[in-house]
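Residue numbers (the working numbering), protein chains in the order written: chain A, 1 to 356; chain B, 357 to 861; chain C, 862 to 1161.
Keep in mind that the hints were calculated from the coordinates and are not lab data.
Do not rely on the hints blindly, as some may be mistaken.
As the list claims (entries may be wrong) - Derived DSS-like pairs (lysine-lysine); straight-line CA-CA distance at most 27 Å:
| # | chain 1 | residue 1 | chain 2 | residue 2 |
| --- | --- | --- | --- | --- |
| 1 | A | K239 | C | K1158 |
| 2 | B | K554 | B | K584 |
| 3 | C | K1048 | B | K409 |
To be verified - Distance ranges between label pairs, derived from CB positions:
| # | chain 1 | residue 1 | chain 2 | residue 2 | range |
| --- | --- | --- | --- | --- | --- |
| 4 | A | G270 | C | V1002 | 34 to 44 Å |
| 5 | B | L555 | C | L1055 | 34 to 44 Å |
| 6 | C | V992 | B | D490 | 37 to 47 Å |
| 7 | B | D674 | C | W1108 | 36 to 46 Å |
| 8 | C | E943 | B | H441 | 29 to 39 Å |
| 9 | C | L1055 | B | R473 | 29 to 39 Å |
| 10 | A | E40 | C | A978 | 14 to 24 Å |
| 11 | B | T621 | C | N1053 | 29 to 39 Å |
| 12 | C | V992 | A | L106 | 52 to 62 Å |
| 13 | A | E40 | B | G369 | 45 to 55 Å |
| 14 | B | F480 | C | L1055 | 27 to 37 Å |
| 15 | C | V992 | A | K239 | 52 to 62 Å |
| 16 | B | N470 | C | N1053 | 23 to 33 Å |
| 17 | B | D674 | C | V1002 | 49 to 59 Å |
As the list claims (entries may be wrong) - Looking from chain C toward chain B, a few residues come up when the C-beta cut is under 10 Å (computed):
| # | residue |
| --- | --- |
| 18 | G1050 |
| 19 | V1052 |
| 20 | N1053 |
Heads up, the beta-carbon is just placed ideally off N, CA and C, and yes, glycines get one too.
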Amino acid sequence: MSGRAERLMSGDLLPWIVMLAWILAILFGLMLLVGANFGEALSGFFNGAFGGRRMAYLAATLSRATLIVGMALSVMISFRAGLFNIGGEGQLVAGGLVSALVAILLPGPPLVVLVAAILAGMAAGALWALLAGVLYLYVGVPLLVGSLLLNFPIRYIASYLVAHPFRDVPSGMLQSHLVPEATWLAYFPGFRLDIGILFIVATSIFAIVYSHTTVHGYQARLNGLSADFARTVGLPVRKLTLQTLAMSGAIAGLVGAIAVFGMHHRYIDGMLVQPLYAWTGIIAVLLVGMIPWLVPLSGLFFAALQTGAAGMERAAGVPKEIALVMQAVIILFVASRVSGAILSARSSGTRGGDDV
Amino acid sequence: MHAALNNIRVAFGPLVAVDDVSIAIAAGEVHAVVGENGAGKSTLMNVLFGLIKPEAGTIEVEGVARNWASPQDAIRAGLGMVHQHFMLQEEMTVLENIVLCGEPVNRFGFVDFNRARQKLADGFREHGIVIDLDATVGGLAVGQRQVVEILKMLYRDARLLILDEPTAVLTPQEKDRLFGILRSFAASGKSIVIITHKLDEVLEIADRVSVMRGGRLVSSGPLGETSKDRIAREIIGGDLPPPLKPAARTPGEVVLSVRGLRAGTRGWVGPLSFDVHAGEIVGIAGVSGNGQAELIRALAGLAPGVAGEIMLNGQPVDRLDVGGRRRTGMSYIPEDRQRAGLALGATVAENANAGRDDVSTFSRGPFLDRAAMASFARGLIERYRIKVAGPSALASTMSGGNKQKLVVGRELARGTPLVIAENPTWGVDIGAIELIHAELLRMRDQGHAVLLVSTELDEILRLSDRVLVMYSGTLSEPIEAADADRNRIGALMTSRTDAALRSVA
Amino acid sequence: MFDLLFDASFLASVPRFVTPILLAALGGAICERAGVFNIGLEGMMLGGAFFAVVGAYFSGSPYVGALAALLAGMALGAIFAEFHLRRGGDAIVVSIAINLLAAGMTTFLLRAIFDVAGAFRDPAIAGFARVHIPVLEDIPVLGPVFSGQSPLFYLSLALVYALHVFFLRHRLGLRIRAAGENPTALKAGGVNPLWVQAIALLMCGALCGLAGAQLSISNVNLFVENMSAGRGWIAVVAVLLTRGRPWPLFFIALLFGAVDSLSFRVQGLGLPQQFTDMMPYLATLIVLTALSWWRLKRQS
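Please build the complete structure, drawing on both the sequences and the hints.
So this is what it looks like as structure tokens:
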């Protein structure tokens, strides 16, 4: 799909400049509203995103980017196949919860436990996505709504499990016990960043290669471009749907496991929901019109936006929620330029139109 | 009402659709605008109606130069247009459709339906129209829907009516009724413009004929000063191509056998039973919406039938999905190339290779062999003279005819015993029509079985060895090509077999 | 146990929970009928909830609060229209952006205006008084249900009927239906479907804003981050299930609202809060599944 990338890059620059001006105007408007000092805010932003003592904030950005890019890849694989799986959050929670519980309950050598826990987390994410897929294919529940609604039960199930049966009571918090320390993902030397990011780098490469060069990715993409077409030429649409959703859910599950073993070392109630990783992943994919190689960069961009906003709050007192507002604004402006083709199958109600 | 278009020019990008065309429409006349698909006649009338802004030229109505900002302006000035694809709300009633966009309202914006009823009653008497105003449009036959379209204009006191291919979907009987109403309109002083490519109808109803070709006006004058042959030559810019003569044949084995098939919602279509043999083209004629789509979907496996059995090559395929049926020996050229025939956002090569049974011919292990995909696509492009930049161009960059050639080429290249073609030349240019027809005949001559479903009676008569007529979910007895004549098939298209036979006999 | 669940005070609490879902779903129904796939009800509701508190706090009147909520919802509807209808952004993408925008804006402004994080409660937030209807309020069972509710409840009931008539007999209602079914035909008739859809989005925003007001200045007098908590999604499901028909919508909203209210009620019975919190979503999922299944069966 490099054709779309070219159109995005080249062509008429003016609309993009106008768009950028709008986005910046809204940003400055919001900062004006809270009476922030622009200079302080700007330096706070860059320090918060890429600076800090011994690059601590850069590490925080990369660590956040790990999860966002992971979720974005999960979403991308579904979206490219025309599957509106917006239940990544539920799949993420399922993965994080199950991997944490497996690590807590399963005895054995740390590496075995870690591998088993990650695989279990991926399986849990895949199953949760498959549940939405089965409801969609065999019961007729629209995937969009079905996958979204499934976020809620798993969120509360996870919350219950760490609040009651598996709660680390002495901590006084709604959280599970720590997973064995030996299973924690190592940090890069001299840097507070765990090696979870390597998993996501590998996943990115997998997703890009899968999308562009495999038969499965090609067939899934055809289904995404026109579901009618895929059915008419006899592609195994059901199988593709279920396999794609399973893949998508497994990646979300992997992200949940990375959050457990790399960042929190346990499951804390709300740790995967409140930061809106799944939603940020979705908009990261939409920002770049589902072009695979751009997705990791887009995820990194949003991660920097969020940590940078935290830096602005420390430096200039701008509430860090400004990041969420700006994400929405960016998506509004950009989406109308690049994402038009995503849903062509659903939105093109008229027939013909190719002839004068 | 008198109207004139002066020196109109319209271009879509590099394509000049209408080039310096001027025509005048007199009050009380029926003016036929004829030409092939793509000749620019619809575009020209869209200019008159305010749907397209011309690059150059002026519009004149009742001697006053007008500049439409939108169709609303044209409607207010007394123009009305019936589009080729009906502009109706299927879920609304006839009355709601008629008043829509011109609602008689009270102070709070509520619609006064009774006022509309009274107004319509007068028009009904004057022109002899009968219709149930409270019926839901979705349940009406095509001819009735046409009447609703005409009532919309009558209701708004349109004095100039533009009808775009009004008979394309009508049976001969419905056409007669329509022409009766139009004559009554003309007699009451309204002007009528008919866009059509059917010469017989021009001769039947027009007072004046304008011929367009390639965006230019070839001639315009009273019907009495021209002839059928001359119009025909002007339309195609030369002599008519010789008709395709179906070769003598000996049908082979039964390839497709359908027994007691019921399809559609709660099986409203059927029970259908018929055979298609190797080396023959079986045509299914009928007005669109009589169950053809349901039959095809059931055959192709897109929406499995409710009851009955389908044998392909001697094997039952009822339980197979689309892919399974295709591998058993079926190809399918769908009517809707924009969505079902192609994935417009994918490249030509990606479209060409989709649906090939043996994935290993364009892959190595789990990976795609892009070179093999491109070379296969290049083969189709050459063989079918598809005008496109190359295998890596997006399918959306092709014109309608070239898109269709790609679909036909892809499906026929599979060389399956059975080919199902659903309106294979819908809305494509004449060159593509000739090529596609020749290809279907070639398939037949090579011993493939072809099931042709088309709403174009000419296409059916031109290609088929046997004709079945579909009406209201049932099929007529097969008619041999030699016995197939237009009137008999026309009668079958409008009523049940036995009743029709009696009325013809 | 059943006595405890289904006593008069339970019934009296049902309208409180039905109202926000019903109002938002009626708004969604207008969009659905107009052919705008709006899954941004959640965000419009959240925006309404916040601005209701802003209006009620600074003016001291819940009616000003409701007006502010209505305008906030309409503003989001206008943004939706601008980016979806005029700039051609995909409806789903724009919806997601609207939801995020509302979530971000409300938390941002919560800190910018009130300088608090998480929640804002203050006695100065003027909530709606209960409307007591003489005579009716003395009737057992019916009395507590239909009397003593927020004005927005009565408004939402009236709107069910009003919307029904509106779609059937009003010029704009007719055009909204046409925009949803065959916009090309509407355009050919000389009416721009985009304008009709834009108006539908504004109406939808207004109703969702009021739904938010019901949450923040009628049920309770406070604003909490993400206070809509998925109710907008429940409303989306209600709209999808009924294809935007007002009367069926009323009954679905009644069902979902009753479960919402029940989940509140059973918290006192020793069930873990997580399970009671889950009930409305689970009920929505179950109803959605059952009706989808039924439709699938009926089709074949």
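Practice item. Please name the hints from earlier in the document that this structure breaks, with their numbers sorted from lowest to highest. Key: none
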